[in-house]
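Novice: Heads up: the protein sequence lines correspond to chains U and L, in order. For what it's worth, our numbering labels the leading residue of the first sequence as 1394, then goes sequentially. For what it's worth, our numbering labels the leading residue of the second sequence as 3, then goes sequentially.
It should be emphasised that the hints constitute simulated quantities derived from the structure, not laboratory data. Certain hints may be false.
[To be verified] Distance windows between CB atoms, simulated:
#1 L:Cys480 with U:Glu1533: 27 to 37 Å
#2 U:Leu1409 with L:Pro50: 38 to 48 Å
#3 L:Leu476 with U:Pro1543: 53 to 63 Å
#4 L:Val422 with U:Glu1668: 49 to 59 Å
#5 L:Pro133 with U:Lys1657: 36 to 46 Å
[Stated by the list, open to error] Computed list of lysine-lysine pairs in DSBU-like fashion (alpha-carbon distance at most 35 Å, straight line):
#6 U:Lys1678 with L:Lys137
#7 U:Lys1626 with U:Lys1545
#8 L:Lys168 with U:Lys1545
#9 U:Lys1479 with U:Lys1669
#10 L:Lys350 with L:Lys168
#11 U:Lys1530 with L:Lys288
#12 L:Lys461 with U:Lys1530
#13 U:Lys1628 with L:Lys137
#14 L:Lys141 with U:Lys1628
#15 U:Lys1530 with L:Lys350
#16 U:Lys1540 with U:Lys1669
#17 L:Lys350 with U:Lys1675
#18 L:Lys461 with U:Lys1626
#19 L:Lys288 with U:Lys1545
#20 U:Lys1626 with L:Lys350
#21 U:Lys1421 with U:Lys1540
#22 U:Lys1672 with U:Lys1421
#23 L:Lys383 with L:Lys141
#24 U:Lys1479 with U:Lys1657
#25 L:Lys461 with U:Lys1540
#26 L:Lys461 with U:Lys1710
#27 U:Lys1653 with U:Lys1421
#28 L:Lys350 with U:Lys1672
#29 U:Lys1657 with L:Lys295
#30 U:Lys1626 with L:Lys168
#31 U:Lys1540 with L:Lys137
#32 U:Lys1711 with L:Lys461
#33 U:Lys1530 with U:Lys1628
#34 U:Lys1530 with U:Lys1669
#35 L:Lys141 with U:Lys1540
For every residue, glycine included, the Cβ atom is placed at its ideal position computed from N, Cα and C.
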Amino acid sequence: MLKSKRVVFVLAILLLVGVVSMGIAAPKYPTKPITMIVPFPAGGGVDVFARLLAADAQTYLGQPIAVINVEGSGGATGAYQCVRAKADGYTLMAIDSSLTTLLVFQSLPFDYDSFEPIGMVVQCPTWIVTPADRPWKTIEELIAAAKEQPGKISMGVAGSSGSQFLMSLAFEHALDLDFNIIPYSGGAPLITALVGGHVDTGVIHSPMCLDYVEEGTMRILVAGDSMEPVMYKGKDTVPTFADLGIPYRFSVYRGIFAPKGTPKEVVEALGAGFEKMTKDPKFIKANQDTGVTPTWVGPEEFRKILDSDLETYQKIKKELVK
Amino acid sequence: MLGNFVAAFMQVVTPLNLLMVAMGVSLGLLVGALPGLSSPMAIAVLIPLTYGMDALPALIAMVGIYLATKTGGAFSAILIRTPGTPAAACTAIDGYPLAEQGRGGEALGYAIMSSTVGGFFACLVGMVATPLISKIAIKATNADIAVVAAVGLILVSALGSKSMIKGLIAVMLGLLVSTIGMDPISGMARLTFGSMHLLGGISFVPAMIGLFAFTVIFSDMDMIGQKNNEVITKVKPQMPKVREFLSRWRAWVIGSLYGIFIGTVPGVGAESSTWMAYSTVKRQSKHPENFGKGELDGVIAPEASNNAVTGGALIPMLTLGIPGDASTAIMLGALMVHGLRPGPLFFKNSPTLFYGILIALLLANVFQLFIALGSIGFFVKFFRQDRSWLFPIIMVLATIGAYATTNSMFSVYVALVFGVIGFILERFGFPVACIVMGLILGPVIEENMRLALILSHGKWSAFVSSWFSRVCLLIAICLIISEIVTAFRPLFKKEQPCK
């Protein structure tokens, strides 16, 4: 009897030690490399954004980030892959706010509630530009010219069911104008058309336009939101939609998402790591080289911004898209 | 300018950078020769490896890969009738018959030489005339791009097979498949049957892998086990004699010119230029009837063209920040990750880097000549293996290649389905290459055509309003008429005796 009691006692001690040591020795997240899904092809704006995050990941998160491009369906394929990934913090997604308009225009098997936002890293307003050889030099002149020739002035937008398209509609509606809207398939074809002078105006957010403005080939007329984070010398001279009395704001946001259900500690750890990264001078410089200064926005506020955008865009689509 | 040029040269000619050129070219040849692996994929994989490096060595490696894949594609096109990359699809038409006639070594030698000459040509033109060319290229309207792409497609259907009707049907099939997905102008879903996967359309890389790699494997499966390697065993690496090569100058000059100019037009690349070069060279040849049966000019023209495209496409990428194709799009991203901004200020801000990239391309051409010639033996041995060895290896590579495009199994299914479709169609005499061309050029034509019409408020005259599109259409019409005439000539000849 004594022997069996001893055996049970020893087993109990072993069990206790095992459980306690598991708690003590449990490795802190992250313990292995993290995958970041980019729902767009390699070389594009979101891809570059993600790769800049990955470059400093080892320092600020403790583990490297592997970027994989899962392109298709305007970003839906990659987003869906993130939704279905294991919510353990080892699969993240680089999100671009074009997902908002995708949700507005297409019926997809997920929405913003299927994700856990980690935070926003960069924000950039969308603006209206024009080739330098066109007669209008300010937004007021463009508005006047548009009133004189309704339907004749062409306005290129990057994407036929994107936020730029909605911005052009909002612009037309608020000021009672009529443009010939030309939907290009993306930023690159639109820039080509603007530089070549094939289109009269363009709604676009790419910081590459700023090089052209600096060089004198393009002019920037108005921005859909604050120009604060943009790396452009003349940014204080650019009027915004607010200045014109247009009640909508149009910006592009890029940040990080995780699948819904990711543990709170993991979300916080990631948030803290990325926030520190956005204060690193090297990281700031690298992003400024692409045209914008990074500013961290936490998950709750990020979610609020995206939800409010979603509501706004749905409203615009309902009222203005024929 | 000269000072920057010399400085750039000194920077490029360092042991590390030269090693990068050699590595890039070797990798590119391998990736190009193996159906299933593609240049954008190789370049994308390279990006994280280059984080620690400076921009120049990283770009040099990418440029080396970009260039050499076009040449590598000729190896498999000529030896096993499977173009390793769509830019080599045209090469297979005369390349494989040459191999069947035991002249594979000759064909390979000529392919390599023409590729080098085409690439060189484009480099030199690039270095000298860049500002001029980019100004011209940017003037290309959507209408012009649509015309160039459409002309390329028409020529493919005319030349891609013995029957123009079947070629046209195959092209139409490719166009139909290219419409699956989101409408480029309105965003509406077309032919997606509610599937989210199909919403993104049929990506052309998996379809191409299916139609080029799997189809050939399925069709040629009956060759497994047969010691049917005469095609390959007779291949001895053969450098073309310089005088002979020079005597065929029309082929590689025409090829290079098409490549350079069409390369600079954003969105259209080797897929159009190779076929336009091929048909023009055929038209002005003294023996047009030999084309398709093993005519060396039919290998020289497309090979010069597809390498010249690399030089052509780099110009708008560097000067305007506008990529000409998938590979340059990725290189653009790589430049941005390294803190550089291609575009109008690139030349002003980083002239040495600009020249450095072009010089690297030049050197890559030189390296490619020697490495390719030296590696013919290796590739011949590789492709000489009994197909029971070769095919499984290619199948695995092709499957991996298909998966790697989108990191999802859907692409693998697409590749398999297209492999089966291609197999069935080929049995009935439909040219598979035409389907691929329709798939690639369909979106380009559709988007540009519709934009052109919106811009012109619906007037079709937009398509003949610039000299560029007029010239292209004229070339196309002339070539087609000459095709039809050659086709009907025997009929007329037969009638004569009756009179």
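Novice: Hint by hint, which ones does the structure fall short of?
Specialist: 1, 3, 5, 8, 10, 11, 16, 18, 19, 21, 23, 29, 30, 34
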